[in-house]
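Q: These protein sequence lines map, in sequence, to chains A and B.
Residue 394 in this note's numbering is what sits at position 394 of the first sequence, and the numbering runs on without skipping anything.
Start counting at 1 in the second sequence, then tack on 418, and there's your number in this note's numbering.
There's no promise every hint is true.
Here are the computed lysine-lysine pairs in the DSS-like style, where the Cα-Cα straight-line distance is at most 30 Å [said to hold, decoys possible]: (1) B:LYS754 <-> B:LYS825; (2) A:LYS78 <-> B:LYS697; (3) B:LYS424 <-> A:LYS406; (4) B:LYS825 <-> A:LYS6; (5) B:LYS754 <-> A:LYS279.
Source of the hints: derived by calculation from the structure; they are not laboratory data.
Number of protein chains: 2
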Amino acid sequence: MRILIKNCELNHLVTNILIEDNIIKQIAPDIQPVADKVIDATRKAVVPGMFNGHTHAAMTLMRGYADDMPLMPWLQEKIWPLEKNLTEDDVYWGTKLACLEMIKTGTTSIIDMYHFFGGTARAVDEMGLRGMLTYVGFDFELHERASVYKKEVQEYHKSLINYSSRIGFAMAPHAIYSVSKSLLKWIRDYATDNGLRIHTHISETIGEVNDSIKKYGLRPVQYLQSIGFLGPDVSFAHGLYLDSDEIKILADNGCQVIHNPASNLKLASGNHFLFRELKQAGVPIALGTDGTSSGNNLDMYETMKLASLTGKVAYNDPTVWNANETFEAATASAEKLTGLKTGKIEVGYLADLCLIDLNLPELTPNFNLISNLVYSANGNCVDTVICDGKVLMENRRVPGEDEIMKKAAQVAYDLAKR
Amino acid sequence: MRILIKNCELNHLVTNILIEDNIIKQIAPDIQPVADKVIDATRKAVVPGMFNGHTHAAMTLMRGYADDMPLMPWLQEKIWPLEKNLTEDDVYWGTKLACLEMIKTGTTSIIDMYHFFGGTARAVDEMGLRGMLTYVGFDFELHERASVYKKEVQEYHKSLINYSSRIGFAMAPHAIYSVSKSLLKWIRDYATDNGLRIHTHISETIGEVNDSIKKYGLRPVQYLQSIGFLGPDVSFAHGLYLDSDEIKILADNGCQVIHNPASNLKLASGNHFLFRELKQAGVPIALGTDGTSSGNNLDMYETMKLASLTGKVAYNDPTVWNANETFEAATASAEKLTGLKTGKIEVGYLADLCLIDLNLPELTPNFNLISNLVYSANGNCVDTVICDGKVLMENRRVPGEDEIMKKAAQVAYDLAKR
Numbered sequence: 001m002r003i004l005i006k007n008c009e010l011n012h013l014v015t016n017i018l019i020e021d022n023i024i025k026q027i028a029p030d031i032q033p034v035a036d037k038v039i040d041a042t043r044k045a046v047v048p049g050m051f052n053g054h055t056h057a058a059m060t061l062m063r064g065y066a067d068d069m070p071l072m073p074w075l076q077e078k079i080w081p082l083e084k085n086l087t088e089d090d091v092y093w094g095t096k097l098a099c100l101e102m103i104k105t106g107t108t109s110i111i112d113m114y115h116f117f118g119g120t121a122r123a124v125d126e127m128g129l130r131g132m133l134t135y136v137g138f139d140f141e142l143h144e145r146a147s148v149y150k151k152e153v154q155e156y157h158k159s160l161i162n163y164s165s166r167i168g169f170a171m172a173p174h175a176i177y178s179v180s181k182s183l184l185k186w187i188r189d190y191a192t193d194n195g196l197r198i199h200t201h202i203s204e205t206i207g208e209v210n211d212s213i214k215k216y217g218l219r220p221v222q223y224l225q226s227i228g229f230l231g232p233d234v235s236f237a238h239g240l241y242l243d244s245d246e247i248k249i250l251a252d253n254g255c256q257v258i259h260n261p262a263s264n265l266k267l268a269s270g271n272h273f274l275f276r277e278l279k280q281a282g283v284p285i286a287l288g289t290d291g292t293s294s295g296n297n298l299d300m301y302e303t304m305k306l307a308s309l310t311g312k313v314a315y316n317d318p319t320v321w322n323a324n325e326t327f328e329a330a331t332a333s334a335e336k337l338t339g340l341k342t343g344k345i346e347v348g349y350l351a352d353l354c355l356i357d358l359n360l361p362e363l364t365p366n367f368n369l370i371s372n373l374v375y376s377a378n379g380n381c382v383d384t385v386i387c388d389g390k391v392l393m394e395n396r397r398v399p400g401e402d403e404i405m406k407k408a409a410q411v412a413y414d415l416a417k418r
Numbered sequence: 419m420r421i422l423i424k425n426c427e428l429n430h431l432v433t434n435i436l437i438e439d440n441i442i443k444q445i446a447p448d449i450q451p452v453a454d455k456v457i458d459a460t461r462k463a464v465v466p467g468m469f470n471g472h473t474h475a476a477m478t479l480m481r482g483y484a485d486d487m488p489l490m491p492w493l494q495e496k497i498w499p500l501e502k503n504l505t506e507d508d509v510y511w512g513t514k515l516a517c518l519e520m521i522k523t524g525t526t527s528i529i530d531m532y533h534f535f536g537g538t539a540r541a542v543d544e545m546g547l548r549g550m551l552t553y554v555g556f557d558f559e560l561h562e563r564a565s566v567y568k569k570e571v572q573e574y575h576k577s578l579i580n581y582s583s584r585i586g587f588a589m590a591p592h593a594i595y596s597v598s599k600s601l602l603k604w605i606r607d608y609a610t611d612n613g614l615r616i617h618t619h620i621s622e623t624i625g626e627v628n629d630s631i632k633k634y635g636l637r638p639v640q641y642l643q644s645i646g647f648l649g650p651d652v653s654f655a656h657g658l659y660l661d662s663d664e665i666k667i668l669a670d671n672g673c674q675v676i677h678n679p680a681s682n683l684k685l686a687s688g689n690h691f692l693f694r695e696l697k698q699a700g701v702p703i704a705l706g707t708d709g710t711s712s713g714n715n716l717d718m719y720e721t722m723k724l725a726s727l728t729g730k731v732a733y734n735d736p737t738v739w740n741a742n743e744t745f746e747a748a749t750a751s752a753e754k755l756t757g758l759k760t761g762k763i764e765v766g767y768l769a770d771l772c773l774i775d776l777n778l779p780e781l782t783p784n785f786n787l788i789s790n791l792v793y794s795a796n797g798n799c800v801d802t803v804i805c806d807g808k809v810l811m812e813n814r815r816v817p818g819e820d821e822i823m824k825k826a827a828q829v830a831y832d833l834a835k836r
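Construct the entire structure; sequences and hints are all you get.
A: In structure tokens, the structure reads:
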């Protein structure tokens, strides 16, 4: 299958792009139309699909179910009671809705962490996105829970053969406060033995850091280093409360950090993301939305603006998180965090890309497209989405979208009544 | 002219709304279709049009022209050189583009502050929005400039008869550091004599406060009180650096404050807006986008999310700026700041309202519409806009939008070359 994108704007110049199977094959102003499908992209710009580095997709089911609450009552009275009754079918429909929203806002790759891997994987695969998906692990120091988790995670890992090559599997201990040292070590070993990546939460709140110091005499990153957990295959969500020693450890071990501004602000976890220090140390930085129960939507364009603006004010410096580096954190970072050649519009890269409708007031005038995308647009500027060489959205329509919204809403209302 | 909106959702209940001329005449589930126009609003929610309490509309021309710069080089090297060459025609086209963007994101009322009142007023009037428009005053202590300004402002005031009743005129000294005491007093008197409101910038940066203390021995609000400037007809943009005495003075005088989160964050002015203290004191709070040269867009839905989320993190309290009070700051506050019966969906109010398309993934599920609008949606959820009883947008199309974008972009590029 070959797709020719004609007359698209790339870095403010008009060109053509030829996609062959799932790869960007050629970028040139003079490609002859020898394709199975030709897309006229006049007055449209081509950009990489967004990479959502941290989400819990199925939590779309809880969007707007509980807001404006402190973290613990929110979890204990609202979110956890709902999650206790979740089924794999719920997760499937919540993830379908999430994928729909992500496609409509120009995301093509995600790292997801949740329960019921089967529901997530089936939904992401069907919707056509690329996902490094996980089965989140908790044992709360209970030996029995750890045993069950180990068995389940191996089954999920084996089930990967049922899905397309867009679906990847990674290990995901929830956090150091919810996973025992022995399970963390088992996860590390399982990842090494099977060539899998690891994704986990770290230092989302200051309380978590203080608890770690109290329990282990070490800050969270130091603790993970002490048990041999770190490596270039480990990515961390949040990382708000890191000290300079921890940043050095992350850099020395090649770890990556994913900033989730909407969630961190809304739960009042803090506006402390150490962009400048992490960048200086050479730690790759990506962006994520977190789940919609805290961040409320999955729009990576909005996430870029939030990250940049709140970063500038945190450092009292408007030059921090400039438009280009913010855009890269939301796109090119995918390669470092997933190991896949995605997140760039270059020959040889995976054909994960979007066409932006330039005929929008918020993109007018167009002095600097990246500035407009980071600071002015939201995900609704995306007109066409191609992932793995397949068209997922054209003219802002995704096949079957009304049915997905209707069914997912019903699943959410039923869940709230259980 | 009568418009019947059928089967719309209002506060999660299905009803009908009858508009007669420019007023909401009736809200009931059983209105007979005796209207000149019937809008089928099935699966659409009705909400008040947004009120953008502080903007410089024509600055759309400078969107993305200069970002990621410190305030003074940004102004001195980029913005002011461009503004020196502005013409009334530029302001007209920049404001047309701004109005288009505001209509497309559900705003119906604005307070604008800029140069060339004639260009602004003509554009806002033609586009159908409601505007409390001003001619910004500077004299930098120069007697000659003050004289010219006084003459011009009186001419602009007289020119109001050329426009529809949607166009209002208010006084707008730029700020205490750019306007002399004598001109401030003249503006205050002119406003009193002519029953006009006053809109100005205050305490946007800590430097401005320190300068005021140095020059007058008083903080900015105290200084304005000392010259008899304050009253319930005065609204202030920014107000980031207020102390408790100033907040009490604002409350005692019935003044209002407009928070502009995007601009304050992007210029790194500070994340200090004193929502809790101002609310406690009873000072009305509104929201604004500021100009697109700093905030980059005019989307009041995005502004709500920014205000709420950054407020929560500033107070380290996720219950601050809850969804309902954030929504009110963006809608119902219009009445207090402009004196007009707008910003609410109630019988007797001006017919300034929007229909929200509920068939959107970011509004699914719909546990709480206000939460979804504040935390998940952006302005693209708006399907239909009615202002002063006239339909400005239906099915997301505004008549003439392509021509406005094309012409305004050309004006912006020409301006940048001058």
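Q: Next step is simple, just say for each hint if it's right about the structure.
A: Evaluation of the provided hints:
Restraint check for B:LYS754 and B:LYS825: the C-alpha separation of about 36 Å exceeds 30 Å, so the hint is violated. Distance check on the hinted pair: A:LYS78 and B:LYS697 sit about 28 Å apart at the alpha-carbon level, within 30 Å; holds. Between B:LYS424 and A:LYS406 the CA atoms are separated by roughly 22 Å; this keeps the pair inside 30 Å, and the hint holds. Simply put, B:LYS825 and A:LYS6 have alpha-carbon atoms about 25 Å apart, close enough for the 30 Å limit, and the pair holds.
Between B:LYS754 and A:LYS279 the CA atoms are separated by roughly 46 Å; this puts the pair beyond 30 Å, and the hint is violated.
When held up to the earlier numbered hints, the structure conflicts with 1, 5 and fits the remainder.
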